[in-house]
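Starting from the known structure of chain Y, arrange chain G on it as the hints suggest.
Protein chains in written order, with the working numbering: chain Y, 1 to 547; chain G, 1 to 366.
These are computed hints drawn from the structure, not numbers from a lab. Given the structure is predicted, the values throughout are model-derived calculations rather than measurements. C-beta: ideal position from N, C-alpha, C; glycine also. Each hint should be verified, as a subset may be incorrect.
Calculated pairs, DSBU-like style, for lysine-lysine (alpha carbon to alpha carbon, straight line, at most 35 Å) [unchecked claim]:
1. G/315 - G/87
2. G/129 - Y/496
3. Y/496 - G/42
4. G/333 - G/183
5. Y/496 - G/263
6. G/129 - G/263
7. G/213 - Y/496
8. G/81 - Y/496
9. G/213 - G/333
10. Y/496 - G/191
11. G/87 - Y/496
12. G/174 - G/333
13. G/191 - G/315
14. G/305 - Y/496
15. Y/496 - G/315
16. G/315 - G/174
17. Y/496 - G/130
18. G/358 - G/305
19. G/85 - G/315
20. G/305 - G/263
21. G/80 - G/42
Computed from the model, here is a short list of chain Y residues facing chain G with C-beta under 8 Å [as the list claims (entries may be wrong)]:
22. 19
23. 112
24. 164
25. 401
26. 404
27. 503
28. 507
29. 511
30. 513
Quick look at which bits of chain G chain Y covers, simulated, 3 or more residues with Cβ under 8 Å [unchecked claim]:
31. 222 to 233
32. 243 to 249
33. 279 to 288
34. 339 to 351
Below are the chains, spelled out letter by letter.
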Amino acid sequence: MVGGAAAVLVLYPIAYLIQAALSVGDPQARPPEAYGLDNFADLGRYAHIFGNTLLVAGVATVLAVVVGFVMGWILSRTNVPGRAAFEQLMALPYYVTPLMGALAWALIGSAGSGFVNQLWHALGGRGHLIDINTPWGIAWVMALFEGSVAFVMIGAVMKSMDPSLEEASQVLGAGRVRTMLRITLPLVLPGVLGAAVFVFAEMLGSFSAALVLGLPSRFYVVTTAMYQLVSQYPPRFPTAAAMGVSLFAVMFVMVWIYRRIVSAGNYATITGKAFRPRVMDVGGLRWSLLGLCVAYLGVAVVLPVLTIVYASFQRLTTVFPRADNFTLVNYATALSLDAVRSALWNSLLLGFATASLGVVLMGFLSWLIYRSRLPGAGAIEYVLMFPQAVPRLVFAFGMMWAWLVFPIPIYGTLWLLLIAYLTVFLPLGLRTISGVILQIDRSLEESAQMCGASWGHRLRTVTMPLLKPGLVAAWLLLFIASVRELGASILLMGPKAKVITPAIVESWFSTSSELTAAMAVLQTLAVAAALAVLFTVARRAVQHGGE
Amino acid sequence: MSEHSRSAVTRRGFLRTGALAAATAPLLARAPFAAAQGRATKVLDFQTGADVARAEQEGEIVYYGHDGEAGIGVLLDSFKKDFPKIKTSYVRLQTGALYAKITAERSAGRFGVDVLQLSDISPAIDFQKKGGWEVHVSPELSAYRAEHQSSPAGHYTWGGVSFAGIAYNRSKVKPAEAPKAWKDILNPAFKDGVTAKLAASGMQHAQWYVLRKLYGNDFWQQFARQRPKGFDARAQLFDRLSKGDDRMCVLAEYAGYTLFAEKGADIEFVAPPDGLPATAFFIGVVNRAPHPEAAKLFVDWALSKRGQAVYQNQKILLYGSLRTDAGPMPTGKRLSDFKLLFPTDWNDYVASHPVFVKEWNAIMGL
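If we strip away everything but chain Y, and leave its shape as in the complex, we get (with noise of 0.2 Å):
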């Protein structure tokens, strides 16, 4: 029943969606006028945008996907220096979200007044040293915050590894290189792949970083064409949707991939038999993996903020500077717009409702489509996996179509971006989860099973402790990909029922990068704060739990 509420909850808006895309009436006209395929076979002029998109994607995920595994095995795996504290700061390039990124290497790396590029040109350079807007420039762009999802994802699955494996390669004889490519790889495909195919539908969506980049060099890709074509007038919605739902078919080869390698397998690391995670000793070369992680966070997160902190506090943001271009003036502006004094507090609680109420829905789900043998749970994970291939934009028209006829009057209310946000953060969930469900050997569960345990026993006792890894994972992923963000909330956002991150976007639009910046870093402070009281909260409860 609970997969079926969640099929419905994400096929109710996509088959808005489809109706719209077979629209060939008047493109406002709701319900459709006439149906036909003319807007999927008009969809040859924008064969250029379709092929920027697979372009920026695919090598934005082998960046961020070669990113989470070098990342996650160097963490989880090693015994690199300050493991345990780079393990939590991996987590920051994806609190400072791919729009802050975005923002920071526009002034960073801009080819006319790139901070890069202006120090170039102080010491004498001509033309441009760097451009950060270009396909190259997108795709790094990306890969640096999606580098952090993809190291979650992989991360999990390299902690949950029997070290046993690793340590009977090596003792046979075999290299740390080998042993990771030819062991540690094998073993942690399934996150590895979950993790590529999340990445990659990720990016076939991404918005921001495309709009913000990609703009400046006439360089559109579907999210962004998208965007232009529904906020001309008239909307061209048909086109977009035809877009939107030509891109399932993409998603479709890659869930089928997935499902194809993951079914082939065996990927259970967590066996009834007993072990205790330990690392591997990599000798000298842990201080050359600790300059990759100082590397990593330094251009993901310390160069973007800083740059970001920076610019919040200058009239016209330069390279140099000069006593007389500070200002307070962006924060006093920042902190008296509603956008920031409502709209982030509703952000903060949409976060914290999202990650509680999807930890509990995605956890059941995963549990439904990889343990239950329930017919057609395959089926399940085809659908659920949906809103990851429309961009959210678009999926939002679905949604406001569908939840405004609806008869429960939530259109407009925070309600209906709760919905919107579970549905499509259906696929993060799903992910980060099932790679860890993937692992654990199904004899645990069954010799609780044959030791009497009754189904909820199993659950809390076996299966949950096991899960415990993944469902923090997918606690914290779910938060900050809610308070980030963009697509869905920008249309679905009512009158008294704001959220931050279109506010910041609107701002960059309508006023200037410095204030943009003031509103970025007052988001970045709320998101730290308010994590910073749950996780001293959680720990005093599970310190009290424990005396």
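Frame of chain Y, contents of chain G only:
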């Protein structure tokens, strides 16, 4: 400003504008206007057709608008200062998406909007055809020319004007190369360094239309060779121009120029002698509004001298007022100091919209 309007704008442009509307609208408008005047009451220093006590009892206004978050904030806060018993809330989207949202809501039987402000006349006319505007003939319309009102009056009104010239970055463009006339934007020296707005912009449509009429249908095709970059809003255009990312902006709205020049940006505004393309925003009370009296009060306030001072003097908005008794803008200039170019045939202008969108998308590489 290097070159401003030596040819004063004369309201000749306005009078040329919409000859048909100008001829018929006053006649159509007069009767309801007179009726409305009879019901008018004075509040603060303006006239309103609303029942102020009932408006305050309703206690709320839901506003849908296209201006930036900061601009809408300033506008609504100013209204709240005058009417503290009336709370305000808003939705902000670009005109295309905003109009799509309100029409989708209405077709689903949801009527949650009181006041609508659009930046493009095409959806404003379409909304009128759909019966979306409440007919409210504001007593303040007596300060507006007939051609700046819907036909018939009372559906929507031209709430203020924005206009655009050319702007360039002084450190990136040599004085000898600096543009002086519209044809200078075709100078190949500016290739890959030129910006404009995207097709979602009503102002971009107005510029495309009036310059096409002046210089011929192939003017913009020649411009396409410059490989212009398109953006959504004027702030983005001036932000980039100020930082030196681009050399020239061909849709340089005066309001954007003022804001960034004040921040110390090394930019120059050029008002070509042939004139400055101009467009208005359109505001009105929405039919079946949940707070109808508060909505009427807000629109009357927005069209009054008091509201117009906010639109015209707040630099984040800076819309020139079309009131016949309007004062100068904060820069000391009046609208009449500029030679403004409005479309002369509104029917032709609205009909040209699909052609514009297609051509402009192609020019911008979409």
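Structure-based check of all given hints:
1. G/315 - G/87: holds, 24 Å
2. G/129 - Y/496: Within the cut-off at roughly 29 Å; holds.
3. Y/496 - G/42: holds, 31 Å
4. G/333 - G/183: holds, 25 Å
5. Y/496 - G/263: holds, 33 Å
6. G/129 - G/263: Violated. Residue 129 of chain G to residue 263 of chain G sits at ~43 Å, over the 35 Å cutoff.
7. G/213 - Y/496: Violated, at roughly 44 Å.
8. G/81 - Y/496: holds, 20 Å
9. G/213 - G/333: holds, 27 Å
10. Y/496 - G/191: violated, 45 Å
11. G/87 - Y/496: holds, 11 Å
12. G/174 - G/333: holds, 27 Å
13. G/191 - G/315: holds, 31 Å
14. G/305 - Y/496: Holds, at about 29 Å.
15. Y/496 - G/315: Given that 35 Å is the threshold and the Cα spacing comes to 26 Å, the pair holds.
16. G/315 - G/174: holds, 29 Å
17. Y/496 - G/130: The hint holds at about 27 Å.
18. G/358 - G/305: violated, 39 Å
19. G/85 - G/315: holds, 27 Å
20. G/305 - G/263: holds, 28 Å
21. G/80 - G/42: holds, 18 Å
22. 19: Interface hint status for residue 19 of chain Y: violated (13 Å vs cutoff 8 Å).
23. 112: Where the cut-off is 8 Å and the nearest Cβ of chain G is about 4 Å from residue 112 of chain Y, the hint holds.
24. 164: Violated, because the Cβ-Cβ distance from residue 164 of chain Y to chain G comes to roughly 56 Å (cut-off 8 Å).
25. 401: Interface hint status for residue 401 of chain Y: holds (6 Å vs cutoff 8 Å).
26. 404: holds, 4 Å
27. 503: holds, 6 Å
28. 507: The hint holds - residue 507 of chain Y has a Cβ within 8 Å of chain G, the shortest such distance being about 6 Å.
29. 511: holds, 5 Å
30. 513: holds, 6 Å
31. 222 to 233: With 6 residues close enough to chain Y, the hint holds.
32. 243 to 249: holds (count 4)
33. 279 to 288: Our answer is that it is violated, as 0 residues pass the Cβ test (under 8 Å) against chain Y, missing three.
34. 339 to 351: violated (count 0)
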